[in-house]
Amino acid sequence: MFNFLGEIKDNIKNSKNFDLDSFNIINVSGRLLYVEGHLGLVSLSKELISFKVKKGVIMVEGSDMILAELSENTIKICGSINKVEQI
Amino acid sequence: MNFKNQTKFHIHGLNQEKLLSDLCKTVSLNEIERKEKNETTFECSYFEYKKVEKFLKNRNVKIVSIKHSGLAYNLKKILTSYGLILAVLLFSVFYFVQNQFILQYEINGVDRLSEVEVVDFVKENFSRQKNKISIDEIEFGLVDEFEEISFVSCMIKGQTLVINIKEKLWPDEMYGEFAPIISQKDGKITGINLISGTAKVKVGDLVQKGDVLIEPYTIDASGELKNVEAKGEIFAEVYNEGSCDHYQTYIQVDRTGRVVEQNDISLFGLLIYSFKEDMNFQMYEVEYEDLDLTNNLFLPFKMRKTIYYELEEKIISSEFEDVKEEYIAKAKENALENCDNYDTIIDEFYTLRHLSGVTIVNYCIITSEQIGGIE
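Protein sequences, first through last, are from chains A and B.
Here my numbering is used: the first residue of the first sequence is -8, the next is one more, and so on.
Here my numbering is used: the first residue of the second sequence is 7, the next is one more, and so on.
The hints are simulated quantities; they were obtained by calculation from the structure and are not laboratory data.
Hints may contain errors.
Claimed, not checked - Straight line, CA to CA, 20 Å or less: simulated SDA-like cross-link-like pairs of lysine to any residue:
(1) B/K24 - B/S34
(2) B/K43 - A/N5
(3) B/K24 - A/A59
(4) A/K37 - B/N21
(5) B/K57 - B/A78
(6) A/K37 - B/K41
(7) B/K31 - A/I78
Said to hold, decoys possible - Pair by pair, the computed Cβ-Cβ distance ranges are:
(8) B/E42 - A/K45: 28 to 38 Å
(9) A/E(-2) - B/N64: 22 to 32 Å
(10) A/K45 - B/K41: 25 to 35 Å
All residues carry an ideal CB built from backbone N, CA and C; glycine is no exception.
Sequences are here, hints too, so could you generate the full structure?
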């Protein structure tokens, strides 16, 4: 089966030197954010959703945001997404 | 109608981020929305809502509401609701059908009549269906069938047919026991108190035990014999006798005190061990004693102990005159044993009969007592 994220990672030169296996985030048109590899929610509100990843915390800012899906590894956030920041 | 099987939880509590992070490890959550600081709504699969509910309860999280939607939930709801309706309908039909029948019979007021006979008669001759039963028919049927019934009324109470019976009042002669009064002892009649029946003896007659004293009938002026209950009191002088024999010489057998024992051990009836001492008794008597050697049923060893007692004969001689008073007292004692239910002792005496080597003492106590009739 074709793995889109896997293909992207394999096309990078010296990809083994980078740690590319901790998490994946896809932002679709600023309305949908798909996350793989989260380690648990930190905060949840309509304006700010933050969650832990392997080497830090990802903060998603926006408005009218809801968690459309939350499973053991994945998160799907819907709403108006303004900023995605890793700290 | 939403066909997706979802359950929406509305919860209230602190630190919901941690709670949701833990919960999502077992159940996938959707549409998580923070309503207020401590209130959140989320959805999960309808088939996993019990797991989520248990998890929340274990964490002491207040569940504000649970809403189900989807095809499976609606189907289940319809089935359970219609199942209940069906059960009620079935019960109603069953109740209606069985309510049409008499299930129990209650008979009141019977004394001489048998309840079973009355119930059997009603069951055999009349329908159990309430709408086919005619109370009048049952009442007339019962009066015609049983001549003991003076008045009868029936009623249907629920599923019970209640039958109230008033029996006819008949004189005792109609259903009494027509047995004669029999003499219980030998004696000489001294008094008769006849209440009903015909006396077959008169004062001064000598009667034996078993003789008829009062017959259970009367003969009226026209010579017709009519059965009545024999009633009355018959008094008589009764001769109560007791005797005792004295032998001038007799042989008395006593134990000497010498004993020999024999022990037999058996298992399931088979003799497996026996021990017996030497015995040279000329005369002896034997006693047995059975013992269980074990208390279990697997090997029920039993022991029979046989004890031989040596006997010896002694010739006893005595003159009657020396022991006369003692033998008379014994004879009197024997005579008194026959004196039960007596009113007064009229007289008492004894006679002696001397035969070859034997003297027989007869003691007679004459009492006045009732020998037949009402006690």
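Checking one constraint from the list: CA of A/K37 to CA of B/N21, max 20 Å. Satisfied?
At roughly 16 Å apart (the allowed maximum being 20 Å), B/N21 and A/K37 satisfy the hint.
Would you check the hint for A/K37 and B/K41, treating anything up to 20 Å between C-alpha atoms as holding?
holds, 9 Å
Pairwise hint evaluation, A/I78 against B/K31, where the allowed Cα distance is 20 Å at most:
At roughly 24 Å apart (the allowed maximum being 20 Å), A/I78 and B/K31 break the hint.
20 Å Cα cutoff - pair B/K24, A/A59
Judged against 20 Å, a Cα distance of about 17 Å means the pair holds.
Is the Cα-Cα distance between B/K24 and B/S34 20 Å or less?
Given pair B/K24, B/S34 holds - Cα atoms ~15 Å apart, limit 20 Å.
Consistency of beta-carbon spacing, B/K41 to A/K45, with hint 25 to 35 Å:
holds, 31 Å
Please check whether B/E42 and A/K45 have a Cβ separation lying inside 28 to 38 Å.
holds, 32 Å
Need the status of pair B/K43, A/N5: alpha-carbon distance at most 20 Å?
violated, 46 Å
Would you say the C-beta atoms of A/E(-2) and B/N64 sit inside 22 to 32 Å of each other?
Given about 43 Å between the Cβ atoms, the range is violated.
Given pair status - B/A78, B/K57, alpha carbons within 20 Å
holds, 17 Å
In the structure shown, a violation is registered for the earlier hints numbered 2, 7, 9, in ascending order.
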